[in-house]
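Chemist: Single-letter residue listing:
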Amino acid sequence: MIDDRILELINKDIDGTILPAEREMLEEYRQRNPDIDPLAEELRHMVADLDGIRPVDPPPTLRPGVLRALLPTEHAQAQVVRRTSPIREFAARFGRLQLVYAFSGGAVLGALAVVLLMKTGTPATVRPEDAAGSVIAGLPAGALLEQGAVVPISAPGVQGTISTQYFQSIVLFTVKISSNDRLRASYAFDPASTAVRAFQRGSTADNSLGVHGGVLEVQSPGTDAYTVYFDRKSGAPAPIRFTLYSADTQLFDKTLQIGK
Amino acid sequence: MNEQVDDDLVRQSLEGDREAFGVLVDRYQKPVYNIALRILRDEADAEDAAQSAFIRAFQRLKTFDASQKFFSWLYRIAVNESINLLKQQNRFERFEGGTGDDVPDSGTEEHEARIEAESREQQLLDGLMELRVDQRVVIVLKHFQGLSYIEIGEILGIPERTVKSRLFTARTVLKNVLLKKGMGRHD
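If you read the sequences in order, they're chains A and B.
Everything in the first sequence is counted per the working numbering, starting at 1 for the first residue and increasing by one.
Everything in the second sequence is counted per the working numbering, starting at 1 for the first residue and increasing by one.
These are computed hints drawn from the structure, not numbers from a lab.
Be a bit skeptical, because a hint or two may be false.
To be verified - 25 Å max Cα-Cα, derived SDA-like pairs, lysine to any residue:
| hint | chain 1 | residue 1 | chain 2 | residue 2 |
| --- | --- | --- | --- | --- |
| 1 | A | K233 | A | Q250 |
| 2 | B | K87 | A | L145 |
| 3 | B | K164 | A | D15 |
| 4 | A | K12 | B | G146 |
| 5 | B | K62 | B | R76 |
| 6 | B | K87 | A | S193 |
| 7 | B | K180 | A | S193 |
| 8 | B | K87 | B | A44 |
| 9 | A | K176 | A | Q257 |
| 10 | B | K175 | A | I18 |
| 11 | B | K175 | A | V56 |
| 12 | A | K233 | B | M129 |
| 13 | B | K69 | A | D15 |
Said to hold, decoys possible - What the simulated footprint calls covered on chain B by chain A, stretch by stretch (three residues with Cβ under 8 Å from a Cβ of chain A suffice, anywhere in the stretch; the number is not a length):
| hint | region |
| --- | --- |
| 14 | 52 to 61 |
| 15 | 132 to 145 |
In this text, a Cβ means the ideal position worked out from N, Cα and C, and glycines have one as well.
Take these sequences, add in the hints, and give me the full structure.
Modeler: Quick look at the structure:
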């Protein structure tokens with residue numbers, strides 16, 4: 001049995017901070033307890049191994065990333081305010097708690113919608129209050145977003161973009177669509193690699209965004225947009241599939257790899 | 001000498017010289033990145049945390065107390081950014097007596113092959129991730145950054161005595177984790 005006092009003395013000895021009186025005490029313990037020496041050896045080897053681990057060079061993108069964020073500070077901050085203002089306005093208008101209640105209250109029906117999606121292979125339309133949601137947590141104040149890919153949506157009678165922006169592990173996935181027809185746009189992703197952090201819904205009443213996927217209804221004629229805030233669960237790129245339908249006809253289908 | 005250079009660079013940065021802050025980034029990007037990497041393990045996350053730490057340091061530079069060491073202040077921000085990222089990702093693992101269930105028994109072929117395949121360094125780093133995050137942090141600062149107990153105490157805002165106690169406990173826990181994984185070193 002080795003108590004905390006002995007462990008402390010062993011560690012001090014390893015670190016070279018043991019006092020002469022403490023060293024004598026440790027010697028006495030060692031003579032009385034044969035378990036001390038093997039433990040001390042084990043710890044000494046482990047500490048030597050830890051000390052031997054060499055530092056890794058930082059990625060070459062780190063320094064430029066910091067300086068890019070700092071040099072145009074005023075410009076970047078202004079852009080961020082504009083970019084993040086919709087969700088802030090939305091949160092301010094409805095209140096954070098109400099949002100959480102609204103989303104969590106619809107969790108069960110949202111899950112049903114997912115089952116429908118899985119069964120039919122096409123996105124199901126559900127009411128916005130039915131959407132399953134996670135806790136709303138927008139970006140921190142002053143967050144500097146890094147612009148990712150912008151993919152044009154091009155289909156007969158349809159124009160739009162899918163754009164991605166990054167902040168740390170957060171990925172903003174924004175879809176904007178203009179059409180003269182009534183459309184349904186959906187996103188789907190792999191929950192093993194990605195989780196939904198928050199939503200900013202589009203303006204159309206029938207929109208439904210959920211933690212397992214989402215549907216955007218574009219009324220005729222109209223323009224609509226939504227942003228989903230994803231959390232990457234690892235550094236590996238993660239797929240998000242975006243599909244656009246007019247009635248039952250698929251107009252556009254694209255899988256984006258989000259990640260840096 | 002280094003502290004004087006840091007103080008000058010901080011002063012110049014506060015006067016609006018962003019190139020001076022760039023020099024501070026040059027000087028500290030390696031330790032800051034490594035602190036984040038050893039806490040988070042994931043390279044992309046570590047880059048995010050390191051970048052956030054520098055940006056936050058720049059934004060808070062006016063609050064820096066010149067009686068402190070700049071690197072202590074910066075490392076504290078780096079540790080906090082890394083822990084915040086862990087919290088955001090809900091990856092706050094706790095060590096609850098180890099996760100030995102998925103570890104093959106010693107002596108099996110699979111076990112032997114695995115031991116051969118993995119370097120001792122990787123084993124240590126794997127084991128480190130099973131420690132509680134506060135224990136992991138003291139190991140990182142002591143053994144990967146080579147800081148003294150006093151410096152670690154300054155960074156974490158805890159007394160030197162607590163640093164020692166936490167470090168010694170962390171070492172024992174890590175040793176037990178390694179033993180449980182069959183990575184002990186009884187020569």
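Chemist: Indicate, hint by hint, whether the structure satisfies it.
Modeler: Results of checking the hints against the structure:
| no. | hint | in the structure |
| --- | --- | --- |
| 1 | A:K233 x A:Q250 | violated, 30 Å |
| 2 | B:K87 x A:L145 | holds, 20 Å |
| 3 | B:K164 x A:D15 | holds, 10 Å |
| 4 | A:K12 x B:G146 | holds, 15 Å |
| 5 | B:K62 x B:R76 | holds, 16 Å |
| 6 | B:K87 x A:S193 | holds, 17 Å |
| 7 | B:K180 x A:S193 | violated, 29 Å |
| 8 | B:K87 x B:A44 | holds, 16 Å |
| 9 | A:K176 x A:Q257 | holds, 18 Å |
| 10 | B:K175 x A:I18 | holds, 21 Å |
| 11 | B:K175 x A:V56 | holds, 23 Å |
| 12 | A:K233 x B:M129 | holds, 16 Å |
| 13 | B:K69 x A:D15 | holds, 23 Å |
| 14 | 52 to 61 | holds (count 5) |
| 15 | 132 to 145 | holds (count 3) |
Hint compliance for this structure: hints 1, 7 are broken, all remaining hints hold.
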